[in-house]
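Asker: Residue strings, one per chain:
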Amino acid sequence: MNRPRRITLLQATAVLISTVIGVGVLALPRFTAQSMDTGAPLLTLLGLGVGFLGLILLTLLGMRFPQQTILEYSEAILGKFLGRLGTLILVLFFALLTALIAREFGQVVVASVLRKTPLEVTVLVMLLLAAIPSRNGIDVFAYIHQFYLPFILAPALVIVALSLKNADPLFLQPILGNQPAGMFPGMLTVAALFQGSFVHTLIIPSMRRPQKAWVAALWGLGISGALYVVIAMATLSVFGPELTKQFFWPTLELAKATSLPGAVLERLDAPFLILWVMAVFTTLLSSYYVTAYGMSRLFNLQDHRLFSWFILPFVFVLAMLPGNIHVLYDSIQWVGRAGLVPTILYPLLLLLVAALRGKRGASGGQQTTGQSS
Amino acid sequence: MHPSGVKTIKWFCVLLLIAPWLTGCWDRTELEERGIILGLGIDTVPPEAAKHEDQITETNRKDGFPPPGEEMIKVTAQIAVPGRVPLGPGQGGGSQGGGGQKSVWVIQVMGHTLDDAIQNLQQQVSQELYLGHFRVVIVSEQLEKRGLKKTLDLLMRDPEIRKSSYLLVSRSSADKALTVAPPLERVPTLYLTDMMEQAVWMGKFPQSFIGNFFTAYAAKGREGYLPYIQPKGGKKQEFHIEIDGIALFVEDKMVGKTEPLEIASYLEIMGVEQAGNSITVPIPEGKGHVRFTAFSRETKKWVEMKKGRPHLKVSIYVETEIDEKSNLLQHVDSTQVIKRIDKEIEERLEQVSLQLVKKTQKKGSDIFGFGERVRAKEPVYWNRHIRTNRKWRQVYRTLPVDIQVKHITRRTGMRER
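Sequence order for the protein chains is C and F. The opening residue of the first sequence carries number 2 in the numbering used here; numbering runs sequentially from there. The opening residue of the second sequence carries number 189 in the numbering used here; numbering runs sequentially from there.
Just so you know, the hints here were simulated from the structure itself, not pulled from any lab data. If you're wondering where the values come from, they're calculated on a predicted model, not measured in any experiment. All the given hints hold, so there is nothing to weed out.
Quick list of in silico lysine-lysine cross-link-like pairs, BS3-like style, CA-CA up to 30 Å: (1) K441(F) with K246(C); (2) K546(F) with K495(F); (3) K594(F) with K547(F); (4) K565(F) with K166(C); (5) K489(F) with K527(F); (6) K166(C) with K594(F); (7) K551(F) with K246(C); (8) K551(F) with K420(F); (9) K488(F) with K166(C); (10) K494(F) with K550(F); (11) K333(F) with K246(C).
Restraint-style ranges between C-beta atoms, simulated for each label pair: (12) N571(F) with V342(C): 33 to 43 Å; (13) V342(C) with K550(F): 53 to 63 Å; (14) L83(C) with E348(F): 46 to 56 Å; (15) D341(F) with V126(C): 26 to 36 Å; (16) Q524(F) with P170(C): 37 to 47 Å; (17) Q247(C) with K250(F): 29 to 39 Å; (18) L83(C) with G320(F): 52 to 62 Å; (19) L120(C) with G271(F): 28 to 38 Å; (20) V126(C) with G335(F): 35 to 45 Å; (21) W293(F) with V231(C): 41 to 51 Å.
Quick partial rundown of chain C residues pointing at chain F, CB under 8 Å, derived from the structure: (22) A112; (23) S113; (24) L115; (25) L171; (26) F240; (27) L244; (28) E267.
C-beta: ideal position from N, C-alpha, C; glycine also.
Work the whole structure out from these sequences, hints included.
Answerer: In structure tokens, the structure reads:
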């Protein structure tokens, strides 16, 4: 099928950045410090490397099949049945991911600001917020991301810059960590934070120049990854590894401990949370969009709008399953690590098989072979 | 159905959809309904007082919710009275009388833990108690020596509490220290925070928010410290507060305190750039004394490994200004004299600083964070020999420390000699 090619390189990059930066920002310093104490920034960098691997595979595939998304060319590569199976797994995974993002958001809000508001309400409102714009086409989707990008990057950078005055560089040394207990699992957990970048596959077929998709991937993950590393460094250098391990959301504590000069605002957690809602929204929108779009591919339908509403109750119920915050974070960790199979290994498999079978999608404005009229 | 009927139903549905969004916020709290706690004072109570505690959060029966079995504490809370707390300088002049127009309500309760006490307090107060604006917790020295555990957890866990509040150790009872209300400021706790902030700004005290204490408390190679205050003045109404040193901690227990001048040594070793302490030195080979006030300092710290043992090295650089000279006839006007004085100060500063380090070593309380430096710079040694807080405390007691001071007299005021 022919898609309008209207998404610019900047938009594609913006989608990646604002998708990747999301709920994970708050807890990242905690679990990196838990697995590698002072080596947390390095661990973040390693995790970024793993996440980047997945995105590169996806981008290579996308450039090979510039007309289609992974949900479509997988059938061309693996055959109808296996391709559909892969799509099903991806859809299930992204539904779960969406649910966990919404739930983590709700958990933070209930614990820190709106303590009397029922968790269900916060989660449902957030899911509704994602469901409504996900009914739009990919152009509007990209515009939304582009619009919110500055609101996502700026506050994090401001807080990091302001927190520097309380920073102690000793807390960042040795850069390998004193007792790097769980470097490998920690790396996978960090890599899981970059899973949202999977949305790139939906963007490529609508890009003006899909052959430039790798530039967007490079910049998108580069900028968001750099932000993650900087946040890990700032939090660690202010609180030290031991205290960072004790907070559920060290980044939020960092905002709380940071004040605007001149005592204008003595704690920045409130403004930070407000802007963080935007970051969560864009992340949630992306994974919601992938889920809804995946559903439409699964049932071979042109339009994904129907599923925007259809998946809402399922995602909501999934989000409500974890009993408390510890169960929640355990599931986030396990779902995140397991999710590396569909988001990294699956594209790898596809790329290998495509190369072996010599499959290649049509380029330019030509009609592609295969399914979907 | 009639087309307008359909329209009506449509509109009705829209209204139904809108309604839930207009009911407002779950967490709405009116200002008047909030009991804003500005400060807390925590004291020990004699054991017999436990019998008088209200059974708000626990039962007497063992199979119910028995009290945690810890010693009781007495909590003094200062609650802001709505409308009386001055919001700016414009309202300041209003009432000097004090008596009838108190800006805060002071109320005391007992409890086993801080939260227990606050819940007990809630039972006696109509408004919902709110901790988001509280600025100062004063804990009496006696209680600090028993350990702060029961206080710290709530302060770390509660999302509303700011990490930039102050935790102070008071020599006498905390409830007394909390109510210090000089005419300079109408809200007592705000006076206390101002006092701390000014001291930090003038370079007379290290920054010591609750958050700083938590960081040091959690770190493996470092111990926390808190400001130590002492009420001054005799009569009940007119006493005020003096910053009297640094309270040394081992984990959550206070183990000692420094002398007031040792705060300066601490700042020097920590390399806090803002300096504001004064010292007096006898003029070598002369008569009388010269007083100096420091205005800038810089410190380098490093660890040297000698025979598999870390040696702690500190190099301090202080710049000062002459404040006062006690003997008008004695001239301090030549490079030689000033050099001699510099030398004299350097030796004395080295002595005083070393004394402070020795003191903390004796208590096993590494408030300087030397251990963090060893952990960061000599990870091999740390991972093999130290690893834990407890081990570092033992090792810290025996480590050699070397302090070097370089002093430079930069300014002499308006007098030439």
